[in-house]
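Quick note, the sequences are listed as chains Z and H, same order.
Residue numbers for the first sequence follow the UniProt record's numbering, beginning at 1 and rising by one.
Residue numbers for the second sequence follow the UniProt record's numbering, beginning at 1 and rising by one.
I should point out that these hints are in silico values taken from the structure, not numbers from a laboratory.
Possibly wrong hints are sitting among the right ones.
[To be verified] Selected chain Z positions facing chain H (Cβ under 7 angstroms, derived; list incomplete): (1) Thr64; (2) Ser208; (3) Ala307; (4) Lys356; (5) Val392.
Note that the structure is a prediction, hence the values are computed from the model and not measured.
Note that CB positions come from ideal geometry on N, CA and C, so glycine has one too.
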Amino acid sequence: MSLFDYKLSELHGMLHKKEISVSDLVDESFKRIAEVDEKVQAFLTLNEEQARAKAKELDEKLATEKEFGLLFGMPIGIKDNIVTKGLRTTCASKILYNFDPIYDATVVERLNQADAVTIGKLNMDEFAMGSSTENSGFQLTRNPWDLERVPGGSSGGSAAAVAAGEVPFALGSDTGGSIRQPAAFCGVVGLKPTYGRVSRYGLVAFASSLDQIGPITRNVEDNAYLLQVISGVDPMDSTSANVDVPDYVSALTGDIQGLKIAVPKEYLSEGVSEEVRQSVLQALKVLESLGATWEEVSLPHSKYALATYYLLASSEASANLARFDGVRYGYRTDNAKNLIDMYKQTRSEGFGNEVKRRIMLGTFALSSGYYDAYYKKAQKVRTLIKQDFENVFEKYDVIIGPTTPTPAFKIGEKTSDPLTMYANDILTIPVNLAGVPGISIPCGFVNGLPVGLQIIGKHFDESTIYRVAHAFEQATDYHKQKPTL
Amino acid sequence: MSRISIEQVKHVAHLARLAITEEEAEMFAKQLDAIITFAEQLNELDTENVPPTSHVLNMKNVMREDVPTAGLPLEEVLKNAPDQQDGQFRVPAILE
């Protein structure tokens, strides 16, 4: 039995009653990391010395203070594209191999204010470009349920670390499915909030109109607590929304009587494996038994989402990644004759293939003569995709489908053809394009591999998503299953 | 027929400030061609009267008072630089 089998609220209670200390929690993390991370390879950088010092400091506080927040003393892992002051942040790219951030991301600052303890930085696909974490410039993270399989990506380190019990909570980022897809593959709970819900300040930008930071946890309640702390408007991010943050945990009533669920036929059709389809239909039965109703609907532009996404995300990436030029931070080539040559050599030596491919695609889509045909066209189709969601949400409370077409695939299975790898994200990408929130929760197993149920909500209605996810979780025990390592 | 030529790939690589080998140029030509061909399915849709979406929340410019605040300390800003001198970033010569 691990301490991390308890919920956040239970651990908080145990701290209150002095049954455990913050040092116990932090020890538990590093003990587990020592046991299993050689196999799982989720962490790129550990923050051990500072974390233990912070634990000591918090334990002293604990001795005198009666009241402290829910996240007080809680160990957390941070995806390595979220900057942490004084703690190496690499985006799993050689081009940032030695980057020592000089400020904290807003989400990190809020976690620090809540007295959470940062355990370390988690592996990912380089610059969050990928669906398997195989594009990391440094190491191969493995799925704790089957070490021959990928953990998903790009937040593969975050999802694997939570699934393996190395940390009870982690932050990821999601541009086209990068929180939900690895959460599904690793059997944990991952939420992509509404675009603008969480500040992106200090998140190294991939595609600025799509990126969102979100929590990855073992259960829905913990997820809600974590979102509570990181949400809200931030003067440092002008795209963060000035919309009130509700009390998410109070939405977890267990009551979904009368809830109207839409199930897009496109999300259960071709490309989705029969086993995953069956798991989702079974989950809908559970929700029906709790008083919800569901109907089939259509999101007619779904099939265009993948092409739209790759044009838009790559275009934005080609602009955002222009800053990595060997001048102000990170790697610089030793073999440059002049400035232009230095830029070119630095970038070619520093970036991996997938990152180069997307920079190339984006540069092409934005280049003179092609802008209207590709970039602008994709922006227009994005409008149609967004309208699909608006139409469905006029009549329904949530949209439900699978998170991924299949469970976790084998390492190396999809690396040779970029389009095959991209197709893995067809069910998550439309959500980012529409800017709505979506969660993945465990809803079954196929041959011992977790299957994810995706619940999508209206803009800024994370509460309803959590309510449905929590009700489902109360009625099932998939979230209590743990991999054997 | 590939619709993206090796020459085009090299031009785009130059715009993106990437040095690529002949081999890479061929690989990218093939892969970009496949992705672009795939993306051209968007042409099935008539979007003549559809406005483009650049930002999903329909935000307007976000204004604030122009209040001066302290910037980051120079020492900190320079500490990650591969090369620096006299409080500035140092780069190779622009002209040989």
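Quiz item: Looking at the structure, which of the earlier hints fail to hold?
Solution: 1, 2, 5
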